[in-house]
Structures are given as structure tokens and as C-alpha cells.
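A.B. asks: So the chains spell out like this:
Protein chains: 2
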Amino acid sequence: MELTNIRDLFRNKEAYENKKITVGGWVRSIRNSKAFGFIVVNDGTFFEPLQVVFSETLSNFEEVQKLNVGAAVIVTGTLAPTPEAKQPFEIQAEKVMIEGASAPDYPLQKKRHTFEYLRTISHLRPRTNTFEAVFRVRSMIAYAIHKFFQERDFVYVHTPLITGSDCEGAGEMFQVTTMDLKDVPKNADGSVDYSKDFFGKPTNLTVSGQLNGETYAMAFKNIYTFGPTFRAENSNTTRHAAEFWMIEPEIAFADLEDDMILAESMLKYVIRYVLENAPEEMNFFNSFVDKGLLDRLNNVVNNDFARVTYTEAVELLEKHNDKFNYKVSWGVDLQTEHERYLTEEIFKRPVFVTDYPKEIKAFYMKLNDDGKTVAAVDCLVPGIGEIIGGSQREDDYEKLLARMQELGLKEEDYGFYLDLRKYGSARHAGFGLGFERCVMYLTGMSNIRDVIPFPRTVGNCEI
Amino acid sequence: MELTNIRDLFRNKEAYENKKITVGGWVRSIRNSKAFGFIVVNDGTFFEPLQVVFSETLSNFEEVQKLNVGAAVIVTGTLAPTPEAKQPFEIQAEKVMIEGASAPDYPLQKKRHTFEYLRTISHLRPRTNTFEAVFRVRSMIAYAIHKFFQERDFVYVHTPLITGSDCEGAGEMFQVTTMDLKDVPKNADGSVDYSKDFFGKPTNLTVSGQLNGETYAMAFKNIYTFGPTFRAENSNTTRHAAEFWMIEPEIAFADLEDDMILAESMLKYVIRYVLENAPEEMNFFNSFVDKGLLDRLNNVVNNDFARVTYTEAVELLEKHNDKFNYKVSWGVDLQTEHERYLTEEIFKRPVFVTDYPKEIKAFYMKLNDDGKTVAAVDCLVPGIGEIIGGSQREDDYEKLLARMQELGLKEEDYGFYLDLRKYGSARHAGFGLGFERCVMYLTGMSNIRDVIPFPRTVGNCEI
Chain S
1 MELTNIRDLF RNKEAYENKK ITVGGWVRSI RNSKAFGFIV VNDGTFFEPL QVVFSETLSN
61 FEEVQKLNVG AAVIVTGTLA PTPEAKQPFE IQAEKVMIEG ASAPDYPLQK KRHTFEYLRT
121 ISHLRPRTNT FEAVFRVRSM IAYAIHKFFQ ERDFVYVHTP LITGSDCEGA GEMFQVTTMD
181 LKDVPKNADG SVDYSKDFFG KPTNLTVSGQ LNGETYAMAF KNIYTFGPTF RAENSNTTRH
241 AAEFWMIEPE IAFADLEDDM ILAESMLKYV IRYVLENAPE EMNFFNSFVD KGLLDRLNNV
301 VNNDFARVTY TEAVELLEKH NDKFNYKVSW GVDLQTEHER YLTEEIFKRP VFVTDYPKEI
361 KAFYMKLNDD GKTVAAVDCL VPGIGEIIGG SQREDDYEKL LARMQELGLK EEDYGFYLDL
421 RKYGSARHAG FGLGFERCVM YLTGMSNIRD VIPFPRTVGN CEI
Chain A
1 MELTNIRDLF RNKEAYENKK ITVGGWVRSI RNSKAFGFIV VNDGTFFEPL QVVFSETLSN
61 FEEVQKLNVG AAVIVTGTLA PTPEAKQPFE IQAEKVMIEG ASAPDYPLQK KRHTFEYLRT
121 ISHLRPRTNT FEAVFRVRSM IAYAIHKFFQ ERDFVYVHTP LITGSDCEGA GEMFQVTTMD
181 LKDVPKNADG SVDYSKDFFG KPTNLTVSGQ LNGETYAMAF KNIYTFGPTF RAENSNTTRH
241 AAEFWMIEPE IAFADLEDDM ILAESMLKYV IRYVLENAPE EMNFFNSFVD KGLLDRLNNV
301 VNNDFARVTY TEAVELLEKH NDKFNYKVSW GVDLQTEHER YLTEEIFKRP VFVTDYPKEI
361 KAFYMKLNDD GKTVAAVDCL VPGIGEIIGG SQREDDYEKL LARMQELGLK EEDYGFYLDL
421 RKYGSARHAG FGLGFERCVM YLTGMSNIRD VIPFPRTVGN CEI
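Residue numbers (full-length UniProt numbering), protein chains in the order written: chain S, 1 to 463; chain A, 1 to 463.
These are computed hints drawn from the structure, not numbers from a lab.
Careful: at least some of the hints might be erroneous.
A pair counts as met if it fits within one copy or between any two copies, since identical chains are not told apart.
[Unchecked claim] Simulated crosslink set (DMTMM-like; lysine to aspartate or glutamate; CA at most 25 Å straight-line):
1. Lys20 to Asp105
2. Lys358 to Glu151
3. Lys182 to Asp193
4. Lys186 to Glu2
5. Lys201 to Asp180
6. Lys196 to Glu412
7. Lys201 to Glu116
8. Lys201 to Glu411
9. Lys196 to Glu172
10. Lys196 to Asp180
11. Lys268 to Asp295
12. Lys196 to Glu462
13. Lys147 to Glu276
14. Lys361 to Glu344
15. Lys186 to Glu462
All chains, please: the whole structure from these sequences, using the hints.
C.D. replies: Right, here's the structure in full:
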């Protein structure tokens with residue numbers, strides 16, 4: 001069918017004015033008078049809907065009058081400018097074809113619904129203003145991230161989802177198996193006989209593609225991953241999901257400084273892209289979801305991120321220990337309350353915290369000369385806390401091996417990883433951006449369940 | 001560090017000629033004379049390497065002479081044009097910093113290795129010419145796909161990986177669980193007590209995001225997915241992997257014709273993008289992997305795809321039944337040998353086969369007026385066979401329900417899917433593109449294990 005997207009009408013108004021066009025979309029509302037009526041139609045391509053005027057000249061006038069919210073229609077008519085009205089134009093309908101009716105029990109009648117209720121109809125909620133905006137912006141953020149890295153000649157790497165290793169041992173993992181759970185094959189000693197499983201050994205869903213990503217950075221210099229990751233954590237918070245997407249760039253011949261420059265440019269690029277390409281959605285969020293959002297994002301785009309070492313940050317935070325549930329002192333991991341205090345109260349902008357105690361960071365991070373801290377960096381942003389975690393990687397074979405032994409990691413599980421330090425090792429660094437956190441940050445939405453199309457959390461795996 | 005990518009030197013030669021630059025990369029080969037030497041350096045950003053000339057003026061001349069293949073170096077010097085040589089320029093090194101040596105047992109010495117051997121070192125193989133080319137092109141294809149859809153205002157949807165349903169019941173699935181496999185919780189009757197599992201019910205890895213994707217198409221009109229999918233099939237072929245990526249666009253107010261137009265434009269767009277942006281890699285494939293590749297792809301870009309109904313295709317194929325292991329007759333599913341014969345021998349170009357018997361296609365495909373066939377389409381390409389499978393979806397509530405009942409599908413499992421036909425149903429269509437098949441098609445690589453960074457197949461889940 002030759003349909004015009006409503007987006008094109010709004011973006012290229014002049015090209016369509018007084019022309020005959022056909023639009024397909026869904027009824028958002030309808031008002032009837034005796035001899036005419038108005039339908040507000042949304043086709044999902046643009047945040048603003050299109051007003052359709054129809055009159056008794058329609059052959060199916062009475063049927064059209066009876067349309068209700070949610071029905072699908074195909075409208076042909078002329079696009080007429082309406083300089084005096086709120087909307088810039090309307091369609092004067094010659095023909096309204098009813099493509100599909102909407103049953104009277106349609107759950108999205110024209111009234112406000114709570115986000116909680118809308119989560120129970122995740123297949124219908126993208127038809128509401130808020131979720132239309134959230135999921136178009138989510139799509140644009142994803143694209144902006146690809147665009148940013150591809151324009152800089154980074155190679156996009158698909159790291160595996162099913163894995164035989166547990167990477168950094170981070171958090172609980174989901175097991176993947178084809179064995180019959182009613183009757184799991186066992187060895188003589190009662191242990192599970194994984195030789196009977198699909199891969200012939202225990203396998204899990206990945207928690208990070210980083211180690212695999214590093215192998216490609218040592219071939220392509222600059223790479224990024226963008227894919228799903230999983231955590232089987234039994235935590236029911238507004239910021240955790242069992243399945244989420246991560247972006248993990250990895251850069252060779254680069255140190256922590258290069259890593260921070262990359263992270264800052266990426267975040268600014270993505271914010272700019274969304275502000276430019278989804279102004280209607282962003283204004284909506286700013287008015288109805290998170291007042292102050294636009295100020296905050298513009299502030300980020302136009303200012304340098306602050307920088308502070310972990311040691312300095314602890315000194316700053318200790319002065320406010322009366323405000324925290326968990327008291328801060330050197331050596332403890334920063335909690336969300338501390339992170340938010342730093343970025344929201346002390347710096348009032350995004351801040352990089354660097355050089356954490358080695359004890360609270362992963363084995364692969366590069367040991368600093370002080371012998372106590374590692375070249376790690378977390379990027380904290382107002383409203384969220386940590387949005388990015390990264391580090392320069394230990395590139396010295398002996399130091400890495402020693403650290404692994406200290407932590408009881410088995411050398412044979414990391415042969416491929418040690419190889420990278422054996423054959424042409426180069427300083428390198430990388431970071432992980434939680435994609436959903438990024439979407440929350442840019443939209444002002446406060447629950448991760450509301451930025452994932454079909455969220456998976458403890459006890460919840462619907463549709 | 002202020003490094004220049006070798007890619008930029010080749011793409012913007014004029015900007016760098018006779019300028020001092022610094023490049024970081026890995027030694028591909030080295031030749032020594034008494035007072036000078038040559039190092040061929042690759043930094044992974046460009047298919048062609050860079051020649052570095054060094055001489056005894058280097059403070060570490062003797063050390064540099066001893067470098068071996070795989071070592072990481074950072075070279076500073078002047079880019080000098082070499083009009084008489086094979087390569088367009090070289091660097092005259094003032095300084096060669098040895099970033100990381102390469103142990104003498106480096107497996108990638110300058111000799112040819114078989115693809116089979118390289119699969120055993122999947123963490124190092126992207127450092128070879130072939131795999132550098134494959135994985136850069138893979139990255140570009142992924143980006144071209146995003147670009148194609150985003151330029152057309154399609155919304156990118158992340159459909160879930162962990163799922164409680166089995167979608168079209170296609171193939172064997174991987175189970176996802178956090179239960180202790182040594183001691184799976186059981187109910188009194190001996191069945192598995194899934195209330196103890198993470199999601200409180202049995203869950204699997206998705207085989208397709210289509211049904212979820214449809215819910216978003218009925219909100220955004222045009223959407224696409226691009227994510228991993230899984231099949232636990234015990235098949236050890238060159239075309240099957242347990243984990244692979246799929247692209248699944250879904251378009252509303254659209255029929256099978258629109259679907260084919262979309263598929264054809266997408267494939268042509270992606271081929272053009274790769275031919276333009278990776279000419280060096282594509283020439284390499286054409287010379288060393290698959291002679292005739294460029295002719296074939298140019299032929300695709302410049303010609304319309306052929307179209308034939310299943311019924312016509314069967315008539316054509318029946319005439320050649322003597323050539324097939326499986327004989328063709330109306331009602332049988334086409335095998336790869338038939339698909340390839342159609343596209344390679346009969347049409348000699350990509351071909352859309354449409355309107356298959358409903359018995360061999362999925363429940364959600366739209367029934368044609370003949371009552372026997374459905375509005376399905378497969379796109380077959382030379383060298384591969386099926387690369388795309390799609391259909392117009394059944395948009396009539398009653399017909400869909402009847403078909404589900406015929407096949408014994410439980411209505412309660414598909415409530416969300418039936419809702420789409422109840423509230424503003426619109427004709428819609430979509431297809432699935434196997435991403436790896438697409439990479440194989442564009443590179444000429446013949447084994448799926450060689451186009452996935454870390455392939456997962458039966459018994460194989462390394463790194």
C-alpha cells in the first residue's frame with residue numbers, strides 16, 4: 001500500500017500541503033457532530049497525532065461515527081493547513097476505510113493509567129503516549145550508540161550469550177541446559193553428568209562480553225559490543241532486571257584517560273542525537289515525567305564531566321556521613337546513596353571517580369604504582385548513580401597471573417585471556433554502559449521495568 | 001595517546017603525507033638488513049597494513065631487529081609517499097616503542113593455516129587476513145541493517161531472550177534455570193516444582209522475537225528486531241549454530257507484496273553498503289575465498305529478484321527430479337538442494353517463492369483465498385538457499401483462533417497475540433533474516449563457524 005507516515009507529514013509539511021494522501025493508523029479519540037466529526041489518528045511513526053475531519057459525504061459515515069478508541073483505519077484525503085488551530089494541519093477525509101474494529105473492552109480508553117497497571121498489558125502499552133515516547137527514544141539511543149562507534153571505525157563484535165566461563169564471577173548466573181530436569185543424568189558419585197548436556201559441560205548465560213571483547217580489541221584496536229546480558233539476582237529494585245542490554249567498548253593502545261574521553265564523548269553524542277531527533281518526546285518527558293530533564297541534559301552536553309579519585313571522593317563524603325545509611329570510609333565500596341550524593345549534591349554534574357582500592361574491583365584491572373589501587377573508573381550521573389564502569393586492563397602477564405592466583409582463579413580457565421598478554425600485549429581499556437540505565441537517564445523514567453519492552457525480573461516472565 | 005588509525009592514512013592520504021604521525025599496531029612481518037629493516041604493521045583498523053622503515057639511527061635498533069610476528073609496537077615517524085612501490089606510502093621511523101613482545105610460540109607465524117585449525121584459537125584468529133576481513137564486514141553489515149531501518153523510521157525493538165512461551169514451537173529449545181541441577185525440586189507427583197525456579201515457571205531461550213515484535217508493530221507501524229536467537233538442534237552442519245542473530249522486521253498496514261519490496265530493498269542496501277565501505281575486504285574474498293563473489297553481488301544489486309509461487313516452483317523442479325535426493329511434489333517442503341537449484345540453475349539470481357501449502361508453514365500465516373495455501377514467502381539466494389523467510393500474518397481473529405485450535409495450540413498461551421486481532425487489527429507482514437547466513441552470503445565463507453566470533457554448536461562452547 002502507498003501510505004504516508006505521519007512523521008513525514010510533520011517533518012516535510014510543505015511537500016504534502018493540499019496534496020491527496022493516504023494514512024493508516026489507530027484511532028486515539030473521536031468526536032462526532034451531526035453532519036461531521038473528528039478522529040485523532042496516530043500511526044506510531046510520530047509522537048503527535050493527526051487530526052482527520054470527516055463528514056456525511058463519506059459513504060460509510062454512520063459506521064465511522066461508531067468507531068471507538070483503538071480501531072485501525074486507513075484514511076485518504078487532502079492535507080489542509082490550519083493556521084488558526086493548535087495542530088498545523090488536518091486531513092479532510094474523502095474515504096475512511098475501517099481496517100480493524102476495536103472491541104468495546106479495549107483497555108486503553110482515553111484516561112490515565114498507572115505505570116503499574118500498564119506493566120500488566122505490556123503488549124498494549126506502547127500504544128500510550130508515555131510508552132510510545134519511551135520506546136522510540138530507546139530505539140534512537142541504540143542507533144546513536146552504533147552510529148557513534150561506527151563513525152569512529154570501531155568494529156561491532158557479537159560476543160557469545162551462552163558461555164562456559166563465569167567471566168568476572170559477577171553475580172548469580174542462569175544455567176542453560178537441554179537435560180531433562182525431571183531426571184537429570186548423574187555420575188556414579190551423584191554429581192551431574194554434564195557430558196550428557198548439549199555442550200558437554202555446564203553452561204550459563206553471560207554476565208559480560210568483556211573478556212571476549214578484549215580478544216577482538218587486540219586484533220582490531222577499537223571494538224564495541226552491544227548485546228544482552230543476564231543476572232539471576234534475587235533483587236526486586238527499580239534499577240535491576242534479570243535480562244538487560246550492555247554496551248562494552250574496548251580500546252587498545254589506550255589508557256584510563258583515553259577511556260574517560262571516550263565515555264564522555266559517547267554520552268554527549270547520544271544525548272545530542274536524541275535531543276535533535278526526538279524533540280517532541282523529550283519535551284513530553286520534561287513536562288510530564290521528569291521536570292528539569294532538559295536542563296539537566298543540556299547541562300551535561302555543555303560542560304566537562306568532573307573528575308575525582310576514589311580517595312578524594314571518600315574524603316569529601318566522610319564529611320557528610322551523618323546523611324548516609326552506610327557510613328563511608330576508605331576501602332568500602334560506594335553505595336548508590338554515596339554515588340548520588342557525589343554527583344547530585346557535591347558536583348551537580350556527571351563525575352568520573354577513579355583509582356579504587358583493588359580489593360573491591362575485578363581481577364583484570366591494572367594495578368596502579370601505589371600497589372593499593374587499580375586504574376578503574378565509574379561514571380556517576382545525577383538521578384541514577386553509576387551509569388558506566390570501566391578500567392584500564394592489566395596488560396602485564398606476570399602481574400595478571402599473580403592477581404588471579406591471589407583470588408583463586410584457575411589459570412586453565414583463562415588461557416585465552418593470558419594469551420593476550422603473551423602475544424603482543426598492548427595497554428588497553430574499556431567500559432560497560434548499562435543500556436537501560438542510559439535510557440532511564442535520558443527519559444527520566446524511574447523504573448527499569450518501564451524502559452524494557454517485556455521486562456524479566458524475579459517471578460516475572462510474561463509474554 | 002594521540003594515535004592515527006592506519007585506516008585514516010589510506011583514506012585521507014593527502015592529509016598525512018610528509019607529516020609526522022604515531023601509529024600503534026602489531027607486527028605482521030619483519031625483514032632485516034645490516035643497517036636498516038622493514039616492519040609490516042597492522043593496527044586492525046584497515047585491511048591493508050602499513051610498511052615501516054627503520055634504520056640504525058633508532059636508539060633501540062638491535063632490539064627492534066629482534067621483534068617477531070605478533071609483537072605490539074608504537075611507531076613515530078614521517079609518512080613518505082612511495083610512488084614506485086606496491087604500497088602507496090611508508091613510515092620512516094624515528095622511534096619504535098616496543099609495547100609488548102610476542103612469545104616465540106606465537107601460533108600465527110607467517111604461513112597459511114586451515115580454517116579448522118584457526119577455529120581452535122578463536123581468540124587469535126581475527127588477527128589473520130581472512131578473519132580480520134570477515135569480522136569487519138560482519139560489523140558493517142550489522143550497521144548497514146540498522147541504518148537501513150532507522151533511515152526509514154523503523155523502531156528498533158529488543159524482544160526478550162528468556163521466554164515462557166515457545167513461539168512457533170520451532171525446533172528444540174534451551175531451558176533456562178537457577179535450580180540446583182544436582183537436586184531439582186519436585187512436586188509430590190514427581191514432576192519438577194517450577195515454583196522454586198527464578199521465574200516461578202519453566203523458561204527457555206527464544207527461537208524468534210516475531211510474536212513480541214508484532215505487538216510493537218501494532219503500535220509503531222514499522223519495527224525491527226535485531227538480536228540473538230537459539231536452537232538446541234543436534235545438527236552438525238556448516239549452516240547451523242546453536243546461537244545466532246536474527247533480524248525480524250514487522251510492518252503494519254502492509255501485505256506480502258510490501259514485505260517482498262522491503263526484503264529486496266534491504267538486501268540490496270546492505271550489499272551496496274559493504275561494497276562501498278569495504279572494497280579491500282570484498283576484493284580479498286573475491287580473490288581468495290569465493291571467486292565470482294563480486295559478479296554475483298553486483299548482479300543482485302542491479303537486477304530485480306525473480307518471483308514464483310510455490311506451485312509454479314514445484315512444477316519447474318519436478319522436471320529435474322532425477323537430480324535430487326529428495327523428489328519434489330506438491331505439498332512437500334523444499335529442501336536446500338531444491339532451493340539452490342531454483343536460484344542457481346533456473347533463475348540464476350535471488351528468487352522469492354510465495355504461497356506455500358499451509359500444512360508446512362506456521363500457524364500465524366495468513367490463509368489465502370484458495371483455502372490451501374498461505375501468504376508466505378521465502379527468499380532464496382545462490383550459494384545459500386533460504387536467507388529470508390516471511391509472511392503476511394493472519395489478522396482475522398476467528399481464522400487465527402480456528403487455525404490454533406486445529407494445531408492444538410492453547411488459547412490461553414496466546415492471549416496477548418489474539419488481542420492484536422481484537423483491538424484495531426491491521427493487515428501486517430514481516431520476515432526473518434538469519435544474520436549469519438547474510439554474512440556468509442556477502443563474504444563467500446562457507447561454514448557458519450567462520451562468521452561467528454565464538455561459535456556455539458553441539459559439544460562446542462569454548463571461550
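A.B. asks: Run the structure past the numbered hints and jot down the numbers of the failing ones, going up.
C.D. replies: Result: hints 1, 2, 4 break, sorted rising.
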